[in-house]
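Put chain E on the given structure of chain D with help from the hints.
Each chain, letter by letter, is given below.
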Amino acid sequence: MMDAVAPASDARPDRAAIAADASGERAVGRSSVYVYEAPVRICHWVNAFSIIVLMGTGYLIGTPLPTVAGEASDNFVMGYIRFAHFSAGQVLAVFFLARILWTFVGNHHSRQIFYLPLHRRQFWKEVLHEIRWYAFLEREPKLYVGHNPLAQIAMFTGFTLFVAFMIVTGFALYSEGTGIDSWQHKLFGWVFAIWPNSQDVHTWHHLGMWALVVFVMVHIYTAIREDIMSRQSIISSMISGERQFRD
Amino acid sequence: MGAATETFYSVIRRQGITRRCFHKFCGLTATSLGLGPLAASRIANALETKPRVPVIWMHGLECTCCSESFIRSAHPLVKDAVLSMISLDYDDTIMAAAGHQAEAILEETRAKHKGQYILAVEGNPPLNEGGMFCIDGGKPFVEKLKMMAEDAMAIIAWGACASWGCVQAAKPNPTQATPIDKVITNKPIIKVPGCPPIAEVMTGVVTFITTFGKLPELDRQGRPKMFYSQRIHDKCYRRPHFDAGQFVEEWDDEAARKGYCLYKMGCKGPTTYNACSTVRWNGGVSFPIQSGHGCIGCSEDGFWDKGSFYDRLTNIKQFGIEKNADQIGMAAAGAVGAAVAAHAAVTAAKRLANKRDDANQDH
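Protein chains in written order, with UniProt numbering: chain D, 1 to 247; chain E, 1 to 363.
Bound conformation, chain D alone (with noise of 0.2 Å):
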């Protein structure tokens, strides 16, 4: 992959690792790149927190609560349980949406998620190199200033295609009780032509959201492990969007 960088070569130098005092004691000199530009960190942390919404609303949609007590007048439980996942469903495929639209304008940084270079020979090396280094086999890890080339793999197919999937079998379902004249069934109504029992369509939607749980559970594992194990900045790196290497 062309990103993969040896530390502190093309980084710009940091004006730190010039600084010292006068008792001799230098600051410490770290190469930091900016990767993560702001629209795309803000589209992160939005869609992290809309997913985390809408699994928890999603599953008790599916296995609703204990019945509440009382006139039906009075209560709203799985009314309100239901507007919190469509409100963040919305949410989230607006910002999906931003998010796409951001690879036009944004740096290559934010291209590296909607495509996966799979005829280059050099990226499935990589590929190799980094399930070895999981599989602990390697003893020294590759440094890349965006995502390696098995990271990009789970990103791709982990969020791109299951998140895409996920709102375009949300809004068919949802289109279910806005009715077949809404836009949402003009739009996303072709999905009961692939299911025509729209039972089946919940199935997937519900697979889908296992499969977003799985992803998380891996995409926070690799992250935290990856910020002590290859000595780079990942986790501040979406919030801040400059990736530091601290060695």
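Read the hints as simulated data drawn from the structure, not as lab findings.
Glycine included, each C-beta is placed from N, C-alpha and C at the ideal position.
Please note: incorrect hints may appear among the correct ones.
To be verified - Quick look at which bits of chain E chain D covers, simulated, 3 or more residues with Cβ under 8 Å: (1) 31–44; (2) 222–234; (3) 279–290; (4) 331–345.
Unchecked claim - Okay, derived cross-link-like pairs now, DSS-like style, lysine-lysine, Cα gap no bigger than 25 Å in a straight line: (5) E/K79 - E/K24; (6) E/K350 - E/K264; (7) E/K355 - D/K142; (8) E/K50 - E/K112; (9) E/K139 - E/K50; (10) D/K142 - E/K264; (11) D/K186 - E/K225; (12) E/K50 - E/K24; (13) E/K214 - E/K225; (14) E/K79 - E/K264; (15) E/K235 - D/K186; (16) D/K125 - D/K142.
This is chain E only, laid out in the frame that chain D set:
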């Protein structure tokens, strides 16, 4: 049956209504609809010249529940539909003629009303072994169906069998029972699914076609929009309990007695398109949910293959397991969670070992 082409006027006269009364009816209709003075004679002319729509009703692999439902229609009464509105020229279950006489009517209708008759099909053709699993009049049903479909104006696919396949097409479908729209592809097909469809929905579709002389507007799946554009759930009288979060948790609990939502008992109302919650059954008396049982989704594609009638989620049968999406998902998430924890543990152990190595080398 099926001799000369009958008009509405001849039916009206046959029922003992005088010509004078007939013209009074036309005048009164025009006046009450607020039409101009010429409308009365136009209505009379239309009724005198417009032939009743000939209908051929055929039976493939089916259980006759569609016919049983149809004959119980209250609005309109089935007698009015069969004797006045349409000209039911052939229906081997209820017609008087039999044998060669009956079969001759098919040829006659085909020749005389080419492109004008409605072919109503109850049940579906099995295609395996050359269609030998359903022989009708000495021939495989599929051949008879194709022959009559050729010159039909349109086809009505009655019930879940003709629309989707129903029980005879449930896995593993040994006879390869196939819905009508997979066999006939060059004719407009109106799907009227349900097992059986609601009587008033059936006669409603017939009434629409005979009244307006055209087919009703269909949805994406080929069902009449006027009856199938909303789910049972959308018009269910127990919907307030769903929104409130009040559910029947098990049969015969307090919530069941109070008539709470049957969602947790596997009610398929949220995924079933039909008019049961508005039109209801038996002349509007009740429908399954009103009787305390969840909807089983009988008007939906492959409803026999979607697991238990009492589960919300379909069972997924793959690689010899039979679990629903949530069970599979939880197992997968659990396995990945355990893998992550194990990986983290190995990582920590390795890191500790490496540190010790480094420390040893430093000394």
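| Violated hints, by number in ascending order, as checked against the structure | Hints 1, 3, 6, 9, 10 and 14 are the ones this structure does not satisfy, whereas the remaining hints hold.
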